[in-house]
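Engineer: Throw the hints in and build the complete structure from the sequences for me.
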Amino acid sequence: MTKTKSDTLQGTLVLLVLKSLERGPMHGWGITLHIQRISGEVLRVEEGSLYPALHRMEQERWISSAWGVSENNRRARFYRLTALGRKQLNAERENWRKITSAVALVLDFEEA
Amino acid sequence: MAWYSRMRALLGREKLAREVDEELEFHLAMREQCNVEQGVPPKEAHREARVRFGNPNVWRERVSEIDLMTFPQTVWQDLRYGARMLRRNIGFTLVAVLALALGIGVNTVAFTAYKAFFSRPLDARDAKRMVNIALLPRSGPAEAFFSYPDYLAYRDQLHSMSGVIAQATDIESLPISGVGDTASQRDAATGTIIGRLGLLPSGASNKEFAETMIVSENYFSVLGVAPLRGRSFDAMTPSELAAAPSVLISENYWRRRFGGDPALLGKTIGLNGVAFTIIGITPRNFTGTTVGVPDFWVPLTLKPLLHADDHSQRDREAPYCRVFGRLAPGVTIDQAQAEVNLLADRLRALHDPHSDWAKPETALVWPGSPFPLPLDQGQFAPVRYAVLLIMLAVGMVLVIACANVASLQLARATSRQRELSMRLSLGASRMRIVRQLLTESALLGLLAGAVGLLSSWLLTKGTAVMAAKIFPTEYGTVIFRVTPDLATFAYVFGLSMIASLLFGLAPALESSRSAFATALKGNQGTPSGRSRRLRDLFIAGQVAVSLALMIAGGMLIHSSLHALKVDTGYEIKHLVNLNLSFPEGPQYTAERKGAMVRQLRSRVAALPGVTAITSAFAPVLSGRSADVSLNGELPSAQKSRAALSFTYVGKNYFATVGIPILSGHSFQAQSDGSGAPVVLSEAAVQQLWPGRSPIGRSLRLNTDRQFHSKTDLLPDGPVYQVIGVARDTHGASLDGSDSAIIYMTMPEGRLQDYPILIRTQSDPKQLFAAINQVAESIDPALIVSSFAMEELLHQSAIFFLPSFAAAVATPVGLIGLLLASMGIYGTVSYIVLLRTREVGIRMALGAKKRDVLALMLREVARPVLAGLLVGLILAVGCSYLLRGVLNGLSPVDSVSFAGIPLLFLAIALVASWLPSRRAMRVDPVVALRCE
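Sequences listed follow chains U and E, in order. Under our numbering, the letters of the first sequence match residues 3 to 114, in that order. Under our numbering, the letters of the second sequence match residues 254 to 1184, in that order.
Please keep in mind that the hints were generated in silico from the structure rather than gathered at the bench. C-beta atoms are modelled at their ideal positions from N, C-alpha and C, and glycine is treated no differently. Please note that the accuracy of each hint is not assured.
[Said to hold, decoys possible] Estimated spans, in silico, between C-beta atoms of each pair:
no., chain 1, residue 1, chain 2, residue 2, range
1, U, Ile101, E, Glu672, 17 to 23 Å
2, U, Gly42, E, Ile1094, 28 to 34 Å
3, U, Lys100, E, Glu278, 47 to 53 Å
4, U, Glu96, E, Arg1174, 41 to 47 Å
5, E, Ala336, U, Glu96, 45 to 51 Å
Structural biologist: Structure, rendered in structure tokens:
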């Protein structure tokens, strides 16, 4: 069974969210926008799975949340990266790097 | 911790639901706004936002799923997964469970035995309310015994107790008559295992004995035990009892001796010559306030009847009663202790001011136990020491078992790397993996704990039943209760959990770490350097600990064998010890007794095979000691040269016992000197006049400082002259401190107070029957019992302690050895499995079978050798701990320290060689192909 696009994204969702929060706290909507924009509209976060993922990440203590006021004066829940989350981010990045370089090696292999 | 927030989420679901909704609303609103900004009409924007989001209910459900199900579901998942993994590798599971069960089982046996011996309550209804009473003086050992008048005071004046009972100190062996065939019981005893091991005095007596316990009249009612049949003496007043002396018989003795004869109730028997009526039968295996079941129970008021010469009942200073009480309802132990304190103070005023009883003491009231004093009292230090050693030994076995399984786990984990790293990449955290592995370990531990508990219960039950049969019944049947109870279950469970942690944690951490590091690497052949080091550490640890255990066991065995061969310094074979026990009563005056002894001696001396006869205590027993002074003055506490043992012996003692006189002469051919003659042993001379001849010198003795009873013969007073020096004897005390002895001549009028020693040319046992006949013909009421001197020696502490210790240490050590060899075998097997490909390559490249074997052996050689070294060091430490029981053996006993490591090395080699054979048979082609 081939991996669908959403599957791939699911596996890396955690990585992307962690990275997004690296520079500062954001609410869920902000994360969605950020990923979409920075990737040039290629990566679209499936909103139905973002919040469950955020919830799980919060339980793993990778992020913490607090209610605050959004930029348009509405009450929103902001998520922040914790120290543990930072470590997890680095680990996931490293993992990602290894996977992708391995894939690249296989793809670049040419019969001599 | 993550679970904490989950718990919180579970509990605050209302609040969570509201927050979740609010967050959802915010997101939808923002999306809607974004759509509008992009030019979508508002209604469309609103709808699109929701469509894009998907079903919010699904979303809400998933969030709460994460909370609800994650925590419990994970643990349950772990358990099911763990069980599956264990079932798949059934070989590993069986070996691991077996090893752990051995370790846990051994510990459980020790724990159960400890409880059966030391924590046993009294055999009573509602035993928790029973207490023991004792007195603690300011200095010196605790007093557990009271006099009869004092007991009566406690019985009548304590309000915090609803009943106070007493038990006379010892079970007495009383001759029983009027019961038909008086077969010698000791002949039957020799058939049992203990008899055959020579651990019993299998001498013979001319009378049959019954074990009698003397207890207060209210004994059974306070303990809450009703007789099986008939009645007890509760309802009878002392005058009624005096008019119709009654006893109770135990059900055990009733069945064993009288075959359960129902006509026995109401029959009259004779105990020590006094007629008693059997009025009741106590329940089977009822032990009351002791650990064994006596044959008869006699009321305390009838004690003077049994022993006509004994006036201690009226003597306030004569302690012989152990006192127990039942707490009144609602009274605590502390309250009772306070009241006992007050009463003890009042009683002290009634005592003779010079006696020990006038010293200030505090009361000690503690939960009922057959032991006279709580174990934390100073006198029991050797017992606590022994218990500590045993606990240490079985603890070490558990450690070995854990190291064993840990190394197996580690070896197995390297083959699970692929599975673990796949889980990691699927999103599991490392902690999750560790938790999973620990759950598997916990499963193993619990399984092993159950197996260990079951097998140890069966073992201890079997042993208890056997023990009741092994010990001859004339010593009273000792009852052990070894059924597992709540405390045992808790102990085993705790032990299993600790063991699981011990053997599971390191491999779990290690393999999760390496799995993480090698997330998608394909090869699973060579484990990381760190896990190899861990594995080596486990092997070395197992080898070290089990080697130490085995060496300790070996030393103990050697020491007990050594004790058997100890040169006693005299001729111990063919020497018989004859004990006399005169009937009581006014007609047996000292003169009459003396005449009987002289008659006995001359008639026994005429028996065939007897070559010499004398009167004295056996050399095996320690004598009394006295202060010695050499300057003609009576020695005092400050001015004494030494404190030496002394003993009175008959004239031809040295010839009879076979102790050579090294200089001077013995009592037989003595010249009348100015002082009373004494003979010294070599060690005594060493202490008094080192390096010089003592012949002709004089000394004086004083026994004020030492313990003696009122009727002892005392050497105080006269000036003694040394006439000879005898060879040292050994055998009574462990450290040879009893070798310095002063021998004195026995006055004629005291012959009857001492045993008779007989030297014979024939087998001592043949003499016993003849001696009995002689005694019978002189006076049928005279009781004699004969022992061979050799067997007396076997019972002394010097022989018994090391044999007992050896008997415990050997199976423990063997189990440790078994576990360590299993560990080595298992590890090498896994190494072989893991390196099959490498072996195939080597063989394809030209390696021979020999090289492959060497390769495998090298793997384990280093940790095994390191373990042996550490084990030797540990063993030296153990021998230091054991020095108390090693009597005379050098702390670095060469046989044990050289022989056992070699044995171990050999076993390790075999354990490594067996699985390596598989490696040698590898077909290179197959090996290279398999992955």
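Engineer: Would you list, in rising numerical order, the hints stated earlier that this structure does not obey?
Structural biologist: 2, 3, 5
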